[in-house]
Every structure is written in C-alpha cells, then in structure tokens.
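Got chain A sorted already, so can you dock chain B with the ligands onto it with the hints?
If you read the protein sequences in the order shown, they are chains A and B.
Quick note on our numbering: the first sequence kicks off at 1 and runs consecutively.
Quick note on our numbering: the second sequence kicks off at 370 and runs consecutively.
Please keep in mind that the hints were generated in silico from the structure rather than gathered at the bench.
Watch out, some of these pointers could steer you wrong.
[Unchecked claim] Straight-line C-alpha distance at most 25 Å; calculated SDA-like pairs for lysine to any residue: (1) B/K476 with A/S14; (2) B/K557 with A/S135; (3) B/K557 with A/N86; (4) A/K260 with A/C322; (5) B/K557 with B/I567; (6) A/K246 with A/H273; (7) B/K469 with A/S46; (8) A/K68 with A/D156; (9) A/K77 with B/Y553; (10) A/K104 with A/H92; (11) A/K104 with B/F556; (12) B/K475 with A/T19; (13) A/K104 with B/Q430; (14) A/K306 with A/V346.
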Amino acid sequence: MDKPHVQFIDVEKSYDGETLVVEKLNLDIFSGEFLTILGPSGSGKSTCLSMLAGFETATCGEIKLHGKSINSVAPHKRNFGVVFQNYALFPHMTVFDNLMFPLKVRKIPLADAHKKVHRALEMVWMGGFADRWPSQLSGGQQQRIAVARALVFTPDLILMDEPLGALDRQLREQLQQEIKQIHNELGVTFVYVTHDQNEAMTMSDRVAIFNQGVIQQLATPDSLYECPMNAFVAEFFGTNNRLIGKVLQDNGETCRVELKDGSQVEALAVNIHEAGTRTTLAIRPERVLIQPNRDDCPNVYKVKVKELTYRGDHIRIHTSLCENEDFVVKISNNEKKVNMNPGETVEIGWRVEDCRALDPYCSDSVCPI
Amino acid sequence: MWQLSPHTTLLGKLWRCTFLVFCGAVFMFLVLPVLIVLPLSFNSEPYFNYPMPGFSWRWYQNIVENEMWMVSAKNSIIVGLASTALAVTLGTLAALGLSKPSLPLKKLIVGILISPMIVPLVITGVGMYIFYAKYNLTGNLPGIIIAHTVIGTPFVLISVTAALAGFNLNIARAGQSLGATPTYVFFKITMPLIMPGIIYGGLLAFTSSLDELVVVMFLAGVEERTIPMQMWTGLREQLSPSVLAAATILVILLVGLLLAAELLRRRRERYFVSAK
Ligand SMILES: Nc1ncnc2c1ncn2[C@@H]1O[C@H](COP(=O)(O)OP(=O)(O)O)[C@@H](O)[C@H]1O
Ligand SMILES: [Mg+2]
Chain A
1 MDKPHVQFID
11 VEKSYDGETL
21 VVEKLNLDIF
31 SGEFLTILGP
41 SGSGKSTCLS
51 MLAGFETATC
61 GEIKLHGKSI
71 NSVAPHKRNF
81 GVVFQNYALF
91 PHMTVFDNLM
101 FPLKVRKIPL
111 ADAHKKVHRA
121 LEMVWMGGFA
131 DRWPSQLSGG
141 QQQRIAVARA
151 LVFTPDLILM
161 DEPLGALDRQ
171 LREQLQQEIK
181 QIHNELGVTF
191 VYVTHDQNEA
201 MTMSDRVAIF
211 NQGVIQQLAT
221 PDSLYECPMN
231 AFVAEFFGTN
241 NRLIGKVLQD
251 NGETCRVELK
261 DGSQVEALAV
271 NIHEAGTRTT
281 LAIRPERVLI
291 QPNRDDCPNV
301 YKVKVKELTY
311 RGDHIRIHTS
321 LCENEDFVVK
331 ISNNEKKVNM
341 NPGETVEIGW
351 RVEDCRALDP
361 YCSDSVCPI
Chain B
370 MWQLSPHTTL
380 LGKLWRCTFL
390 VFCGAVFMFL
400 VLPVLIVLPL
410 SFNSEPYFNY
420 PMPGFSWRWY
430 QNIVENEMWM
440 VSAKNSIIVG
450 LASTALAVTL
460 GTLAALGLSK
470 PSLPLKKLIV
480 GILISPMIVP
490 LVITGVGMYI
500 FYAKYNLTGN
510 LPGIIIAHTV
520 IGTPFVLISV
530 TAALAGFNLN
540 IARAGQSLGA
550 TPTYVFFKIT
560 MPLIMPGIIY
570 GGLLAFTSSL
580 DELVVVMFLA
590 GVEERTIPMQ
600 MWTGLREQLS
610 PSVLAAATIL
620 VILLVGLLLA
630 AELLRRRRER
640 YFVSAK
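Next up, chain A with everything else stripped away, as it sits in the complex:
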C-alpha cells in the first residue's frame, strides 16, 4: 500500500447542472486492494463507478490512474473490466464468443486467446459452458460468465456495480466468496459497489460509506463497525441503537449526555460540539449488558421487555429506552438460558467505551430536544 493506483481528486458530478450527485470526492485506491463503495440507493455510487469507467465525465475534478489523469481517455482505452448488475452479456454470442470479444479486439493470437478463455472459465467454475447461449444460463451462471469476461483480458482494474443485486441470498453469499477468492488469486485491484452492508463487510479490504454524494467514512470494515465517526455510519453499517440527547459536559475523552427523559449517560466524546448542543449516542446491541455490574458500568437503566425474537444463534430483546421505542439487546444463544418474559422489567447497561457520542443525526429544526 504505497502509491495510489487510482485517485479521485475533488471530483464533482452533476447531471442537470444544478444538483450535485457527487460532491468534492477525494479517494485514493491502492494497488491490489478490494475497495467497496457502500451507500443507500441514489447516493451516487454508480455515478462514481461510471466516471471511473469513463461512461460519464466528471463535471469538475480529476481522476488519475498511476498518477496520470484519465479524464480524457475514452472508456475503450482504459483497460478496466466492468461487471454490471444485469449481467450485460452479449445475447447474440455464445459464452465462448462473449469471452473472445475483448481478446479479438486486442488482436491476441487465436491459440493464446483460446487458452485464456478456458482459464477464465475454469476460474469461475464454468468450464463446461463455453458453447451455451447466455439465455440458457441461470442468473448466477450469467454473472459468473460476466466476471470471467471482465478478467479474461488481464485488466488493470476490475469494477463491479452491484453485481449480485439480482440474485437470491444463498447464491449471493456463494458468489461473494468466489469473487473474493478470485481477488486473492489474481491480486488485481477491485472497486466494488453495493448497497448491502453484509456484502461490504465480508468482502472488502476497505469500505467507503457514501451518502448524498459524500464519503462519510473510509476505513476497514472492523474499524467502521467498532469506531463509526458519525451517526450515519453507525446506523448504516451494522445494527445500531440510537439515543438522542444533549451534551451536558465535555470532559475531553468522555462526555455526559442528558437524554430527553432526564436520565444521564456517560459516553465517549467522538464527534460532539460544546455543551448544550445535541448529539446522537450509538450503542451496538451486542454490547448492551443485562444486569450489569455497576462498578465497571456507569450507565445502568431499568427497561421493560417488550418482545423477544429468537434468531437461532442469538436472541434479540426489544425494549424501549427513553424516546427510542425499539432499543434492541442481543444476547448470544449459549448455555446460559435466557429466562425473561415480555412485560418484565430488567436492568440493562453498557460500558463507556461502547457508547459513542456522535453528531446530531437529523437536521436541526426537526429533531426533538
């Protein structure tokens, strides 16, 4: 991870000349990494990928490849493999001809090209399908072929735009593994777009979380999950409990926050302003303790159990805490039996380091407090 492979420098994009779909994007992608752009639908992910592939031009800013600007390089000269959500195979060509297409264009000698095609098909476990027509393949098989076609010509970069979005969950998980394995084998740089946080979490080296055309946070999956820097990231990446409060006292490392019902919380001061301003507290459901020991847990509250949901490996306890009507506690389903019933009152709590005080989640005028 030394010199960036791809750089976005102050890239902006507007389709209509008024609204910015991508705002001042700065992003370095390193050689060989699996970088995922994750965000809700409409956040500008595809637009970013289209600009990188050259299908759309940036309104301003620069995209660099190996330090050289590629703003004026046509898509067919970029040597990037692109995989789309709806497969985009050529329906009037067999699987074999689909894979031969990029090789023919590059005038690779025939014998060599055949070898490459077969190697690429083997790589996606589709060795026996060379003579099929795309319409004779299932969705998952078509996408495997599309992946093979995107890597058969040893591209500089592989771009994928929600490639598994149209597949069912089981197939999706299988292809996630296969794609990840291809990445490990080839060591080529991947830029992957998805709106599925599980996909981003399991596949990526780094994830850029996008919202409204702005990168909210760029980090490894574990640090995004453990240390979200703002309320959007905490909400979007993994499950989260959100509490809205007002900063009472900023102690540097930690702070005291008052909730709407008057109770107080001791939290990590991550992204807050001066005392008196609003803040969002983020607590992961599995970090909430039942009947905590008051010595190492300054935050203890009595809540009423509303509902228990059984999830096999864990159990979710739905409670309401302050104005959050669905405060969730996850406890793992191990030998310690959960004996709790809806309607009971229990004590819950969390450690200071598991509760992060972040920016106010919604716009100033709308929020309570």
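Just chain B with the ligands now, with coordinates in the frame of chain A:
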C-alpha cells in the same frame, strides 16, 4: 383463446359475441375484397365478374410483353431499393441520436421527422413538386428516390426507436469497457440486437415506396412512371385485368417479404432470446 372459462358471466359472453362479430366485419371489409379481386387476374375474358368463363395466364403475359409495364416495374424496384437503403440508414442514425437522453429539442425533431406520415400526401406532393422543380428534381428518378426516402424514414425511425427502447444500454457500455471503439460496438453489438427493428422499418419503407402513388404523380414524367402509376393510368384508360395481374404480383411479393422477415425473427429468437 376460443374456449370460454366455465365461470364466464353473461356480460362476458355478450362481450365475446361482440368481439367475434367485430372480427368478422374486419375480415369482410378488409380482407375479402382483396381475396375476391385477385383470382380475376386469371380470367380468360377481360371482364370483372364471377363466374369466370375460364382460366388463363394471358394478363400476366400481357404485362411481361408490354414495355410500359416493364419500365414501370424497373422504376419501382430502383426507387424502392434505393429509397429504402437511404431511409434505413438515415432512420437508424436518427433513432440512435434521438435515444441519447441529453439531446435538447428532442420532441420537435421527432415531430419534424415523422411529419410526412401525418401530413396528407397531396400536400407533401404539392410542396415537393414546387420545391424540387427548383433543383431539377422533377421528371427524374433521383427526385422520386429522395421523396420516397422522406416518406420511408419515419417508419424506420419509429421501429428502430422501439427496438432501442428494449436495448440495455449497459450492453453497449460493456462492449466499450472490453476495449471496443464505439463504431465497433455499434456494428458488432448494437446493430445485430436492433436488427429486427431495422428490418421491419426497412420493409415498411419499401412497401410504402412500392405502392405510393400521389407523390409520384406530382414528380414523375412518362419515363419515370412506377407500377402504381401504371396501374392508375391502366384503370383510367382501358380497364383490363392486367392491372389485377400486377396487383396480384405485388401482393404476393409483399406477403412473401413479411413472411421471410417473420421467419428470420423466429430463427434468431430460437437462438438467443427465448430459451430461458
Ligand atoms: N443518467 C442520469 N441522468 C440524470 N440523473 C441521474 C442519471 N444517473 C443517475 N442520476 C441521479 O443521480 C443520483 C445518483 O444516482 P446513482 O449514482 O445511480 O446512485 P446509486 O448507484 O448510489 O444508487 C440519483 O439521484 C439519480 O437519480
Ligand atoms: Mg447504482
């Protein structure tokens, strides 16, 4: 389709009756006249009524031996093929350009391009006559070819636009990302996939040229007469079943072309569209 489901209501049955009556009426007024008239071209006597006294090829022979019919056939074919080639090229290019979402004034351009379909042919004909005369495009084939190109282009534009609407833009993008120039992508990917639309548009343009009479009457001299014009004069001067013989040949030719296109489409579909 013909079977009524057991829970059809009275209203449903009435509706079905109306539907069948309507179909019958369409058949009677649209198809029957053609079917009745065509056999008369084999009449051994120069009359237009049944029962026919005998069968003969004489009217077909008449056409082949008559120089005027042969000249008009040649003209029709030249004009038809040339104007179709031009209409297909221009119509396809126009449809491609108009499929770009960012194009300004799109509706206006489409309106102008398809106006020959909407404006009565007489008006188009008068306008062309006045305008083309200035550029020496009356009384010669190039003038008629240009006129028929104008008339045929909207058919191609509309059918190719429809074909492009079902075309996934990402397929062309995939082609580019794989290293093909836009031109290569067009000829190897886009064009084969919208080919049914191009062929249908071309067939419609060709048939419209083949039986277009009004504009030809304005622009053609004796030397440039086409089959419809020859039929028209034939009908006015001496009414003979030769006209019917020519019409029969045209009908068979056009039906044959449409069938061929349909077969072509089915064969392509068997390969790569249906299967699923
Ligand atoms: N070709 C286009 N023309 C105009 N607006 C577009 C176009 N493509 C995308 N947009 C708009 O840009 C925004 C971002 O879209 P997109 O990049 O596709 O988001 P995502 O892939 O994250 O769902 C959306 O509001 C969308 O409506
Ligand atoms: Mg998208």
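We went through each hint and held it up to the structure:
Between the alpha carbons of B/K476 and A/S14 the distance comes to roughly 24 Å, so the proposed pair stays at or under 25 Å and holds. Pair hint B/K557 plus A/S135 holds up; C-alpha atoms about 18 Å apart against a cutoff of 25 Å. Between B/K557 and A/N86, the direct Cα distance comes to roughly 20 Å. Compliance with the 25 Å bound is thereby established for this hinted pair. Proximity of A/K260 to A/C322 is assessed by CA-CA distance (about 7 Å); at most 25 Å being required, the pair is judged to hold.
With a C-alpha separation of about 15 Å, the suggested pair B/K557 and B/I567 falls inside the 25 Å cut-off, and the hint holds. Under the criterion of a C-alpha separation no larger than 25 Å, the hint pairing A/K246 with A/H273 is consistent with the structure, at around 10 Å. As the CA atoms of B/K469 and A/S46 are separated by approximately 19 Å, the hinted pair is consistent with the 25 Å bound. At most 25 Å may separate the alpha-carbon atoms for a hinted pair to count; A/K68 and A/D156 meet this at roughly 14 Å.
The suggested pairing of A/K77 with B/Y553 holds, with an alpha-carbon distance near 13 Å, which does not exceed 25 Å. Distance restraint check for A/K104 and A/H92: the Cα-Cα separation of roughly 16 Å lies within the 25 Å cut-off, and the hinted pair is therefore satisfied. For the suggested pair A/K104 and B/F556, the alpha carbons sit about 15 Å apart, so the restraint of at most 25 Å is met. Distance check on the hinted pair: B/K475 and A/T19 sit about 23 Å apart at the alpha-carbon level, within 25 Å; holds.
Simply put, A/K104 and B/Q430 have alpha-carbon atoms about 55 Å apart, too far for the 25 Å limit, and the pair is violated. Distance hint between A/K306 and A/V346 is fulfilled; the C-alpha atoms sit about 11 Å from each other, no more than 25 Å.
When each numbered hint is compared with the structure, a violation occurs for hint 13 only.
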